[in-house]
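Chains as they are written, first to last, in this note's numbering: chain D, 658 to 1088; chain B, 658 to 1088.
One should not assume that every hint holds.
Any copy will do: because identical chains look the same in the list, a pair fits if it lies in one copy or spans two.
To be verified - List time: in silico SDA-like cross-link candidates among lysine to any residue, alpha-carbon distance up to 20 Å: (1) Lys845 <-> His864; (2) Lys698 <-> Glu1001; (3) Lys1082 <-> Gly825; (4) Lys845 <-> Gln986; (5) Lys678 <-> Asp920; (6) Lys765 <-> Arg1005; (7) Lys765 <-> Pro747; (8) Lys706 <-> Gly749; (9) Lys953 <-> Gln930; (10) Lys845 <-> Ile742; (11) Lys765 <-> Leu752; (12) Lys730 <-> Pro927; (13) Lys730 <-> Ala705; (14) Lys1082 <-> Ser804; (15) Lys1082 <-> Pro827; (16) Lys706 <-> His924; (17) Lys678 <-> Ile742.
By construction, these hints were calculated from the structure, which means they are not laboratory data.
No experiment lies behind these values; they were computed from the predicted model shown.
2 protein chains.
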Amino acid sequence: MDIQQLAVHTKAAAGPMSALKGDVKDRALSEIIGALKAGRKDVLAANAKDLEDAGRDGLAPPLLKRLRFDDAKIREVYDGITGLIALNDPVGLTLSATELDDGLELFKVSRPIGVIGVIFESRPDALVQIASLCLKSGNAVLLKGGSEASRTNRILAEIITSAGARAGLPGHWLGLLETRSDVTAMLKLDRFIDLIIPRGSNAFVRHIMDNTVIPVLGHADGICHLYIDRYADTEMAVRLAVDSKCQYVAVCNATETILIHQDVAGHILPVLQDALAERGVEIRGCDMTRSIVDVKPAVDEDWHTEYLDLIVSVKTMPSLARAMAHINQYGSGHTDVIVTGRRERALRFMDGVDTADAFWNCSSRFADGFRYGLGAEVGISTNKIHARGPVGLEGLMIYQWRLLGNGHIVADYTGSDARQFTHRKLNHNFS
Amino acid sequence: MDIQQLAVHTKAAAGPMSALKGDVKDRALSEIIGALKAGRKDVLAANAKDLEDAGRDGLAPPLLKRLRFDDAKIREVYDGITGLIALNDPVGLTLSATELDDGLELFKVSRPIGVIGVIFESRPDALVQIASLCLKSGNAVLLKGGSEASRTNRILAEIITSAGARAGLPGHWLGLLETRSDVTAMLKLDRFIDLIIPRGSNAFVRHIMDNTVIPVLGHADGICHLYIDRYADTEMAVRLAVDSKCQYVAVCNATETILIHQDVAGHILPVLQDALAERGVEIRGCDMTRSIVDVKPAVDEDWHTEYLDLIVSVKTMPSLARAMAHINQYGSGHTDVIVTGRRERALRFMDGVDTADAFWNCSSRFADGFRYGLGAEVGISTNKIHARGPVGLEGLMIYQWRLLGNGHIVADYTGSDARQFTHRKLNHNFS
């Protein structure tokens, strides 16, 4: 079956998927857990072969680590699905209810988006996670994994589709693409795919975003800032800088640039330098920073760089306004923090910084769906429409307007003796 | 100033625009009404010159009609702005509030999207309408009107920006593009424009959608269906068909195809034919339809066609399921109606038809922001993400996550004695 045919089948399954009752979907998720447990050895064996080939082909160690699907990853996958089962069905919620006139009632009802296209690099656990999220939200899904994980992905997809079929899911709700040329083809399938979620490196996500007219949910860069205001408490500022930079350096919500108000740079920078040095962090500073502490020089490229490493750029700022301008120019709209004792300055910062997550006096590392209590995380988005920041299941939902009448026609609401709309809020849900 | 420079300025204005208080924006809208009244004669004179040139250049009569900006259009524009002033400020609403832990509070707050790019063909009233919507919602806007309306657009833009400046709006919040080559350039400005709203013909909108990676809000085709079920009341079915087709044929929510269950076709079609003939509607029917009533034959192209005229295609259906499949194959996901006496069949239809507006026993012509009571209409969207169907001001909004702490760090929530998140719903709004 070529990719176009596969997409036709997946799109055809989207309708039946969207109409499934919550208990059917939850039963399917339980079946999937059971089937993964029963097929554990086969999955591990397939993954071992993928790892063997990848090792022979010289895949880089970080990619090998992502490719590995071991018992710890399996446990995470089980936990993720179990958590999904516990969530309420996101489909069919009444988002608004309005009487337009006597017997003419309008409801805005949550619905699945349709077909989600997911493109991920090495990690096979991403396949299970995203397939489960799509299932819970009533979406069909087209998955394209890394070719180095092809055996693992194939057996995981088989296990999931077989378990789903036993629970009553429609055929073809999950389609697996396998070759690299499929990605290019997939990006052109705007008639069949409603939303693409790419998982992988920044360059990979940027490539996807730049080469399709299909909406993309995700983020490329995570150039997060921590701005230490002139009214910041030194101890708090240093503690937040250390956590934001060091708590886990390889993730998108780690801070890459620290801005510091010049009036407090003189007494805070030495303390900050000591604390970061203790964690092995290399500081690259602007000229004024270097006149206060002995650090490497930063070049313009540094303000654009997501290090994902024990490196941080530091720049002094003459004002809050200039700090906001710097963040808006160099940031990626992901997560940006202000440390200040003045509430009105925090509010100015949040209003003025164009970012998904604007934080006051807490670590940038909190920008995460689980920490936010979203229950499940689809991903983190730096989009300006639909969903922004950590995205839960609602990122896979849209709505449908449902108007229920009794023979109502528009002609009655026009002309000289036109009927008037009541536009009265209703207190009952769609059912 | 070239278009890139203009876009840089507009983007720079987006921050200050997003931070404006509601009363400033409403005062600016009032100023704009006043300035339009004061400048009425100049606007009409500029429009007369545009009309003169367009007439000389042989612009088609429907386009000339759209180009005309007369007192009736001016009145509509005043009414629209007055209605906007009456609406609550959509910026800064608390969409959710959660305590993550003691003293660590998360708010999801509505925010403007940023820079809206609007591309419209001849209608100068669209310029005023969309500029007002962007202003009310705190967005900056780049406008590209039809070159045939250049004099009218220029004076309208001048009036609006001058009035806005008097009321305290930041400079460059509204940018006007003037040449045709600007459109191509605009579609590439994804660094500066967050959302494009195209207004114009289907082909024009389709062209925009297919040639940019910037999200587009709108609809190309409006191929709406009315399905007459086997349990439909004849009188109601005919009344709804006539209103859906004829009440205003040139609009996107007019019905283009009537599907009818074959078990009732024999007695409903003759009545329907009479009623439509009375309105001068040409029917193009499938073979079974033509075995019942004497009408022109439909070809496959007809099921794909948005006539926007007194023409309707009619096809008999063996089942509700086949009707849904037909709509999903040929429809444009705009508005689709079922006429039936059975509630469970209406629910099946709404669940199974992938459309923005799914109606039961009422006319397709109700799909409209004003009839829905949205207060203001940004447009009608057939998108599957962000906003769908008639879109009010909320289509110009996104949200920002705001986390307020007191020195909270993520390290405290990891490890063996990790603090637990409370994830407790808060009852107060962000302020």
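Cross-check of the supplied hints:
1. Lys845 <-> His864: Answer is both; intra-copy 14 Å and inter-copy 15 Å each pass.
2. Lys698 <-> Glu1001: neither (58 Å within a copy, 46 Å between copies)
3. Lys1082 <-> Gly825: neither (38 Å within a copy, 36 Å between copies)
4. Lys845 <-> Gln986: between (32 Å within a copy, 19 Å between copies)
5. Lys678 <-> Asp920: neither (60 Å within a copy, 30 Å between copies)
6. Lys765 <-> Arg1005: For Lys765 and Arg1005, the Cα distance is within 20 Å only across copies (16 Å; inside one copy 35 Å).
7. Lys765 <-> Pro747: Both, since 13 Å and 19 Å are each at most 20 Å.
8. Lys706 <-> Gly749: neither (43 Å within a copy, 53 Å between copies)
9. Lys953 <-> Gln930: For Lys953 and Gln930, only the intra-copy Cα distance (12 Å) is at most 20 Å; the inter-copy one is 83 Å.
10. Lys845 <-> Ile742: neither (33 Å within a copy, 43 Å between copies)
11. Lys765 <-> Leu752: This pair counts as both: shortest intra-copy Cα distance 5 Å, inter-copy 17 Å.
12. Lys730 <-> Pro927: neither (41 Å within a copy, 65 Å between copies)
13. Lys730 <-> Ala705: Cα proximity of Lys730 and Ala705: one copy only (14 Å, versus 71 Å across).
14. Lys1082 <-> Ser804: neither (53 Å within a copy, 43 Å between copies)
15. Lys1082 <-> Pro827: neither (37 Å within a copy, 37 Å between copies)
16. Lys706 <-> His924: Answer is neither: 56 Å inside a copy and 67 Å across each miss the 20 Å cutoff.
17. Lys678 <-> Ile742: Within one copy, since 13 Å is at most 20 Å while 43 Å is not.
Consistency note: the structure conflicts with the earlier hints numbered 2, 3, 5, 8, 10, 12, 14, 15 and 16.
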